[in-house]
Amino acid sequence: MTGDRLAIEVSRLTKRYGDVTAVRDLSFTVEPGVVTGFLGPNGAGKTTTMRMVTGLVSPTSGTATIGGRPYGRLPRPSRTVGAVFDANAFHPGHTARDHLRVYAAMGGYPDGRITELLDLLGLAEAADRRTRGFSTGMRQRLNLATALLGDPRVLLLDEPGNGLDPEGMSWLRGLLRRLADEGRTVLISSHVLSDLQQLVDDVVVIRRGELVAAGPWSRLAGPPAVLITSPDAGALAAALTASPANGGTAPVVEAVGPDRLRVHGLDAPSVADLAAARGLRVHELVTENTSLEQLFLHLTTDKAATR
Amino acid sequence: MNRLIKAEFRRLLATRMWGGLLLAAALIGGGMIGAMALVGPENFDPPMPGLDTEAGLRSILGILGYTAFVPAAAGTVAVTSEYRHRTAAVTFLFAPRRGQVLAAKLATYTVLGLVYGLILAGSAAAALFNVAAVRGVSLGLPATTVLALLARIAVAMVVYLLIGVGMGALIRNQVAALCVVIGYLYLGEPVLMMIPGVNTLYPILPGGATAALTDFTYLADAMSEQLGSTAVQLLSPAAGALLLAAYALTASAIAVIVPMRRDIT
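First to last, the protein sequences are chains B and E.
To get the working numbering, take the position in the first sequence, counting from 1, and add 374.
To get the working numbering, take the position in the second sequence, counting from 1, and add 26.
Hints may be right or wrong, so weigh each one.
Ranges of calculated distance between the beta carbons of each label pair, as one might list FRET restraints [to be verified]:
1. Ala629/B <-> Arg287/E: 56 to 62 Å
2. Leu140/E <-> Gln572/B: 20 to 26 Å
3. Tyr391/B <-> Leu253/E: 46 to 52 Å
No lab work stands behind these hints: they were computed from the structure.
The beta carbon of each residue, even a glycine, is placed where N, CA and C say it ideally should be.
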């Protein structure tokens, strides 16, 4: 399936455990060629959804397909999808190489692929040590190596950042970016938003098993705001609000301190030009991108309150 | 399917479990039988018929059949360790047809059970013949009959290992599954034999069927005598063998069918 671009389609997926509905009527698409962040508070249903996509959990209703087929109908699933769920899914008495040999045999991959992956994931030195002595970071790398055995076009990672140190996280971001750039589909769930901030192109946000938002991160985040520090904050605010900005709508000005303003709807050069034209002093001018965390809190708390 | 069997062999051979199990076979077969033959059943407390009698020889071999809980426990450990160490999810990601995974495990463990049974029977035969020669005892049955009985015990070990695999796939929790398997085979059946009425079921339980293979009635007879109940009538060796095969098939069917629809969380 080399080169294939396979989307994950989740359609009206529902999972009930007795009286508890873990996932409710959930639909979204994960596009190839980008990294998609799957976000939601703990217990939102992220893991259950990903397990349904991979056939480990059967949905109460609805469907999930990968490149148009349900997981169980994929001819050689490990060649199409690589998935990581548990950080610690090894027999403690197996070495890293033993573990990979079991799954290489299962997927029909040559032993050379094992050596390749041990090198790629920086596990070559630990290859013949039993996994019981592995650090969390090494376990995550071995999980990834297992998922990548079949060189899959789709990658699903459930909380892969857990237990990774900053260096490990940065390495993981680099790897996932490269995989997405090769046209693969990457879905990564996390509740540590700062881990994903610099990585994700698209986001899917769920809360209590229901979809809250989905789409390209840049669209959901909206245009950046401008943060201004000025001893003439009051006068500047008045000037900004009165200015007929781009498109005719006046910018929204928010006072965030005695001498600090946040301006939405006007870019930094326009703010600076306006201040200069009015002879108002500007000590600091910063373009402020919405952080994933802000968006997330906005979507999962505010929106819920208005429902 | 071949890939899955290859994977299961790799999984098995990468741990120390198989080595330990085969060592146990040699210790139980050679060690235990050797020690019992050396002491002589006539010197047991209470005394049993000697090795020079058919009953004595059958009893010793019957006790060997009674150690079948060891391979059963090994089968249970093998299957439940996938759940305990959470590799079941990875396995079912690589092979979503779960029944095939369990079938591959059954095939792999049939081979392990055969090797176990051969080592057990072989070492027991070696111990028995050598000790008898050293002690100058002529065995109560011809050597070919002894070997045939040991071969039946070897096959029974395969059956028990598969029963262990089936129970492990059914229960999944390693400790609970081990308690059930060892508890039943080691303690449960002998206790059932003591309950009047229920003991009439003994011939159709796995232990009774195994005892039928070697016509090992000494234990059952001793208990009936003690309790004053009527003697338990074991099945014929052939019927016992058929019944054991049925148990193995049932356990295998459980192992293959039960995990199919269950959620792996």
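The hints, checked one at a time:
1. Ala629/B <-> Arg287/E: 56 to 62 Å: 59 Å, holds
2. Leu140/E <-> Gln572/B: 20 to 26 Å: The hint (20 to 26 Å, Cβ to Cβ) is violated, given that leucine 140/E and glutamine 572/B are roughly 57 Å apart.
3. Tyr391/B <-> Leu253/E: 46 to 52 Å: 49 Å, holds
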